[in-house]
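Sequences listed follow chains A and B, in order.
FYI, the numbering for the first sequence is 1 to 304, going by the working numbering.
FYI, the numbering for the second sequence is 1 to 320, going by the working numbering.
Please keep in mind that the hints were generated in silico from the structure rather than gathered at the bench.
Nothing here was measured: the structure is a model prediction, and the numbers come from that model.
Yeah, the Cβ is synthetic: ideal placement off N, Cα and C, and Gly gets one too.
Honestly, I wouldn't trust all of these hints.
Covered stretches of chain A, going by a simulated chain B footprint (3 or more residues, C-beta under 8 Å) [stated by the list, open to error]:
id: 1; segment: 68-79
id: 2; segment: 84-90
id: 3; segment: 153-161
id: 4; segment: 166-179
id: 5; segment: 255-267
id: 6; segment: 278-290
Across the chosen pairs, the derived CB separations fall in these ranges [stated by the list, open to error]:
id: 7; chain 1: B; residue 1: 86; chain 2: A; residue 2: 116; range: 55 to 63 Å
id: 8; chain 1: A; residue 1: 216; chain 2: B; residue 2: 80; range: 57 to 65 Å
id: 9; chain 1: A; residue 1: 202; chain 2: B; residue 2: 86; range: 40 to 48 Å
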Amino acid sequence: MPVPPRAGIPADLLEIPMIKRNLTAYGFMCAALICFTFFAWYPIVHQFLLSFQQTNFVTEAEWVGLDNFRTVIEDPAFGTAWLNTLAFTGLALLCGYVVPFVVALVLNELRHCRAYLRFVVYLPVMLPPIVGVLLFRWFYDPGPGLFNQILDLFGIPGLAWLDSTSTALISLVIVSTWMNLGSATLIYLAALQNIPSDLYEAAELDGAGLFRRIRFVTIPQTRLILLLMLMLQIVATMQVFLEPFLLTGGGPENATVTVAYLMYQYAFVYGGNFGAGGALGMMLMFVLLAFAAVQLRLTREEKM
Amino acid sequence: MSDLMTKPRHTSPAGHRGTPRRRPKKPIPSHLRTLVSPHQLNSPWGRRIYWAVLVTVVVSFTLIFVFPLYWMVTGAMKSGEEIAQMPPTLWPAAPTLDAFVEAWELFDLPTLLRNTGFYALGAWLFTMIVDVTAAYALSKLRPVLGNVILGAMLATLMIPPMVVLIPTYLVAVEMPVFGWELLNTPWAIWFPAAANGFNIFLLKRFFDSIPRELIEAAQIDGAGPLRILVSVVIPVSRPILGVVSIFTVVATFRDFVWPLLVLTEDETMTISVGLSQVSNMVTQNALMAGLVVASIPTIIVFFFFQRHIMAGLTAGSLKG
Chain A
1 MPVPPRAGIP ADLLEIPMIK RNLTAYGFMC AALICFTFFA WYPIVHQFLL SFQQTNFVTE
61 AEWVGLDNFR TVIEDPAFGT AWLNTLAFTG LALLCGYVVP FVVALVLNEL RHCRAYLRFV
121 VYLPVMLPPI VGVLLFRWFY DPGPGLFNQI LDLFGIPGLA WLDSTSTALI SLVIVSTWMN
181 LGSATLIYLA ALQNIPSDLY EAAELDGAGL FRRIRFVTIP QTRLILLLML MLQIVATMQV
241 FLEPFLLTGG GPENATVTVA YLMYQYAFVY GGNFGAGGAL GMMLMFVLLA FAAVQLRLTR
301 EEKM
Chain B
1 MSDLMTKPRH TSPAGHRGTP RRRPKKPIPS HLRTLVSPHQ LNSPWGRRIY WAVLVTVVVS
61 FTLIFVFPLY WMVTGAMKSG EEIAQMPPTL WPAAPTLDAF VEAWELFDLP TLLRNTGFYA
121 LGAWLFTMIV DVTAAYALSK LRPVLGNVIL GAMLATLMIP PMVVLIPTYL VAVEMPVFGW
181 ELLNTPWAIW FPAAANGFNI FLLKRFFDSI PRELIEAAQI DGAGPLRILV SVVIPVSRPI
241 LGVVSIFTVV ATFRDFVWPL LVLTEDETMT ISVGLSQVSN MVTQNALMAG LVVASIPTII
301 VFFFFQRHIM AGLTAGSLKG
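Okay, chain B solo, but in the shape it has when bound (with noise of 0.2 Å):
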């Protein structure tokens, strides 16, 4: 996980140089000893190899990752008669902002952003509050069945919410005992959103890491349960806090078959719903300049959460 998380460093140039003294050149930075050895790498053919597997990588990754979603931004800029046209324009005669303009109007977009944003900031302020109690009982309190609903609350990760998407359905239809129906409305994303196996392990593991002398010293100083979890607990776990809470969000806004069911009406659609059910009716720029919008909130989320993401993702993969 830390290894993911720390910049290139840069080694000192003494290291090992493998090319003549004649043509001095700045070797391959090679800190870290992996597959091929500096030596090998800094040999003369060893560079040319890694230039070109270098150039090819970055050329390939650029072409299948980027060029799609520049394909994408650029339909959107083109007209109604361009976007159809073949051969394709690799740039727009004339770049225009109409499609935007009218997926906003067409879409409805204002509201479906509305209603996502509202439940995506719900599911992570519900599930914040429900999650972190939760696991901090289950971390400091020790009650007694602890470890036998911690182990029930993990073993709900096995089973993906696909398989039971009926039985849930059917709650959100009626929930039983309490006999509230949660169609359309906020509540049947943020209920089902806070009852999250993989949350509770990671803040769990990270409670139970926090040094007891911590919590000892908090008590003496008489302070009870709650007052240790808001002003011991919290503050110190702000990095997995960091990472449930972008998950979380992230999650809510992609989210797309629980919503599909559960959130029928135009009034209370999310995004990617929204997009989905008018996408056989607008015109092709138009549904573009819609997904465009749609990828831009989760674009910046990545782009200025990049390394919280990556550290949750590796966190993920070591669970068990």
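Next comes chain A alone, as it looks inside the complex (with noise of 0.2 Å):
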């Protein structure tokens, strides 16, 4: 716990004066300001500068006011890459969120091997991504992959997995969803333990049931992290770009083209059109940025 000031004394290293004091502060600060101040703050404001600039870093960098908002909005795959971020959040938060709190519903009614089943579940958020993809596309592989061999079994025909645009986006929010999984049930888990027994006592008293009491308990005591996690994977699922990058390379037929997908081909694909790629990413921060100040609000009204 915090200890609260005593009036007056704004320090806890209180005997030194006040100009050492805070010499010394910047002194132990200033790694950490360089630091913040180049790989943090700084590209948040450059960010703003190149999207209104066109630079190729040979000559200096010239003001072109809203071209680059004009040259990504006109591109064809503009809205296509919209449009698949946002089909790519909705599918992976109808399984990223809504599976993980009924699993760790269940999870927490367990008594048994529940060291194992942590363990498991939050085992592929351990593995590197890029482990997680390769072994997928494996399992895609129309031929010989996994999952169409296990189809095949039940003697159901095999799918196109990722080469049809029908199943591709789909194919991406399996991934995603196993690889991301383990983290929001454990932290669901951890937060369905601090609910008091007595409060499912006394719903079970007034005679509530299973799933009133699911409705009328547990959901109202977990609701901030509940509303927390749902602003967290939104913006978390918004950026995607490492499934499309490596499983489908966008296609086919720009099927799993994102936003931010895109917005490496501007800067580091398409020869370089940094002002073009920061105009997007301009864009894709400020949609995140909303989220993230609704998150901060429903904190705040929580806490008061």
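Dock chain to chain to rebuild the complex, using the hints, since each chain is given by itself in its own frame.
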């Protein structure tokens, strides 16, 4: 618990005179200030400037007004990228937000194998993402890939997975869910364990059945975590890049182009159009900031 | 947080015994009252449902989360023909480590592993020095504008690194003011690793909770700020330092997009980037062998530091 500051004494190291204390403090902080300035604060400002500039690193950067925004908006892939990103976020939330909560509810009821189940569900989260992605790329192989072989076992015709416009995006959602489900599950589990048991007892005495207990005890008691996780997951899934980059390359027929992927393409593939990439990054940043602001507000409200 | 870290306790069998007297069974332990009441749980039907659910969950979890890894490991032990065979074999006909040997040379795994290990350890050391001193200054020295700086550091958490990828990359190409080129140097990894608002948040919150008396006692003994940091604050903060250390090492090891951009030469690549670069040019079994090698370090870390990782995870969710 933070110690409440005593009246008139602002610091813990109270014997040190004001000027010396500040000098020491800034001495201690200078390395962190350099790191944050160049790798956290300046990039945010630079992103803003970049989106209104045309740079090629040879001549001086040129101000081009809204040209970069016009370039990206007129790109036929622009609309597709946003739609795909929204579809990916929606599907990933369906799998990655609802499922972990149900899994956590069940896990919390179990009295055996708890350590094993917790370990196993978090295992994919620990693996380097490249491992999960390349492993699933093999599973999705329409020929000897695991998934079609399993379907074959049940006599179901195989799917084209990543090669078909209709299944490519959902295939990416599956990989992403497999890799990330564990952290949400464990966070919910911790929240569920903090629910006081007398609430359940009281609800039961009032005659509430299982589902009513979930509805009127569990969900209200975990409301804050549920809201926070919703925002965190929206922010995390809207910047999806790795899966389309490694599995589909945006294809087939732009079915898996996402905003972050398009941004990367502009900057590092289409001959270094950092301005257009920056403009796209700006748009994504504002959308994500809006969600972050909602999240912050919700946390504040909850605390009051 | 603490609940995750405690082992399931055993309850006294005298508790709730819902089963008929004739067949005394070991009751399902129910020290913690959850959704289902102990009475319901230990009724004849409750027991049946409980065991059915338990078996279903254990089997499906194993199939969903362990079987893919089993497939990866056995795939790496199959021959080139066997891995492409339809239908596949559940267990390799003639298990061999040839694919590992092939991958070891083809991917130049020793170099990749050495690079990644070096980046991860360096990132850990650098992050520790930078973030611990900063959090200490913010918590215990409380300088002018300290809260503004803290707020600005925490605010960066709201902007995921992916959306500012391009301007951050440009900093690595040429760091303003200093004019350093960081591409293909370890500093391209270490600087951004230390600029982590979440570390600052965790450390500062922990330092805030260190009792004032401890610091005052050291001060009366004539210790200066640095001395207090080294011999009082750091020793009592071992739990949080553990969490931050593991997070930093694991995050550096797992990172992909950033090293892909800034460490592009064969001699400086990380294992994730190295594997992705050649993934289209090698046989499936060699690729699986490479993936197994890349997974082993993280699995070992997870195995030994499970509690720290899970504690850090729940601490993270309660931020804000």
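Each hint, compared with the structure:
no., hint, verdict
1, 68-79, "violated (count 0)"
2, 84-90, "violated (count 0)"
3, 153-161, "violated (count 1)"
4, 166-179, "violated (count 1)"
5, 255-267, "holds (count 4)"
6, 278-290, "holds (count 6)"
7, B:86 with A:116: 55 to 63 Å, "33 Å, violated"
8, A:216 with B:80: 57 to 65 Å, "59 Å, holds"
9, A:202 with B:86: 40 to 48 Å, "58 Å, violated"
Consistency with the previously given hints fails for numbers 1, 2, 3, 4, 7 and 9, ordered from lowest to highest.
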